[in-house]
Amino acid sequence: AAGVIQSPRHLIKEKRETATLKCYPIPRHDTVYWYQQGPGQDPQFLISFYEKMQSDKGSIPDRFSAQQFSDYHSELNMSSLELGDSALYFCASSLEQPAGNEQFFGPGTRLTVL
Amino acid sequence: DQQVKQNSPSLSVQEGRISILNCDYTNSMFDYFLWYKKYPAEGPTFLISISSIKDKNEDGRFTVFLNKSAKHLSLHIVPSQPGDSAVYFCAATVDSGNTPLVFGKGTRLSVIA
Numbered sequence: 002a003a004g005v006i007q008s009p010r011h012l013i014k015e016k017r018e019t020a021t022l023k024c025y026p027i028p029r030h031d032t033v034y035w036y037q038q039g040p041g042q043d044p045q046f047l048i049s050f051y052e053k054m055q056s057d058k059g060s061i062p063d064r065f066s067a068q069q070f071s072d073y074h075s076e077l078n079m080s081s082l083e084l085g086d087s088a089l090y091f092c093a094s095s096l097e098q099p100a101g102n103e104q105f106f107g108p109g110t111r112l113t114v115l
Numbered sequence: 086d087q088q089v090k091q092n093s094p095s096l097s098v099q100e101g102r103i104s105i106l107n108c109d110y111t112n113s114m115f116d117y118f119l120w121y122k123k124y125p126a127e128g129p130t131f132l133i134s135i136s137s138i139k140d141k142n143e144d145g146r147f148t149v150f151l152n153k154s155a156k157h158l159s160l161h162i163v164p165s166q167p168g169d170s171a172v173y174f175c176a177a178t179v180d181s182g183n184t185p186l187v188f189g190k191g192t193r194l195s196v197i198a
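Going down the list, the sequences are from chains A and B.
Residue 44 in our numbering sits at position 43 of the first sequence, with consecutive numbering throughout.
Residue 96 in our numbering sits at position 11 of the second sequence, with consecutive numbering throughout.
Think of the hints as simulated: they come from the structure by calculation, not from any bench.
Even for Gly, the Cβ is constructed at its ideal location relative to N, Cα and C.
There may be inaccurate statements among the hints.
Claimed, not checked - Below, computed lysine-lysine pairings styled on DSSO-like, alpha-carbon distance capped at 27 Å:
no. : chain 1 : residue 1 : chain 2 : residue 2
1   : B       : K141      : B       : K153
2   : A       : K58       : B       : K156
3   : B       : K141      : A       : K58
4   : B       : K90       : A       : K58
Said to hold, decoys possible - Covered stretches of chain B, as calculated for chain A (at least 3 residues, CB under 8 Å):
no. : region
5   : 126-132
6   : 188-195
Could you put the whole structure together from the sequences, leaning on the hints where they help?
Right, dumping it as structure tokens:
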């Protein structure tokens with residue numbers, strides 16, 4: 002079965018650079034979520050989109066923005082990167098209905114900021 | 086403040102025995118709970134879930150128990166297998182369809198052959 006696809010899998014950037022992470026949800030899933038997992042931490046919710054509209058917003062810094070496109074893929078744009086942005090970034094997708102909230106996660110993008 | 090707590094960072098169990106992973110939550114609005122398993126270099130994989138209208142849900146070797154009054158849930162794996170060795174995350178949400186998950190910090194399970 003098709004899973005959530007994330008690209009790139011690994012990304013190395015310098016401080017103050019920008020980065021774009023991409024997520025392709027499971028076909029027919031209408032909701033996309035972004036989570037950030039720091040070293041030894043739990044995944045923290047950043048932002049989500051339902052039917053291309055922002056649905057919920059978590060602890061996403063103002064330097065980050067995201068959007069969901071007409072084909073339901075999503076991109077997380079990160080600017081003015083800081084050392085503390087080094088983390089695993091997971092994208093997940095789900096169906097809004099029936100309510101049950103099983104979110105299916107991609108393999109993650111490991112971002113390293115030097 | 087951590088709304089979902091997994092107080093055991095690690096657990097070692099002999100193959101064939103039962104693994105019990107515990108999770109506590111503080112937010113009484115949570116009404117849907119999930120367990121995810123995570124291997125290194127992979128994303129979390131959905132394992133099993135339970136709605137607050139139930140106190141038990143079983144799927145093969147995996148059973149989740151929910152005690153709403155204690156705000157506590159547990160995942161039982163029996164019999165445990167070496168392939169079960171992974172980090173297990175407890176997650177909670179409000180079951181309104183597409184709400185974000187709140188995760189615990191995870192418990193690393195090691196099943197020893």
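Evaluation of the provided hints:
1. K141/B to K153/B: 11 Å, holds
2. K58/A to K156/B: 26 Å, holds
3. K141/B to K58/A: 31 Å, violated
4. K90/B to K58/A: 22 Å, holds
5. 126-132: holds (count 6)
6. 188-195: Satisfied; 4 residues make the cut.
Hint check: a violation occurs at hint 3 only; the rest are consistent with the structure.
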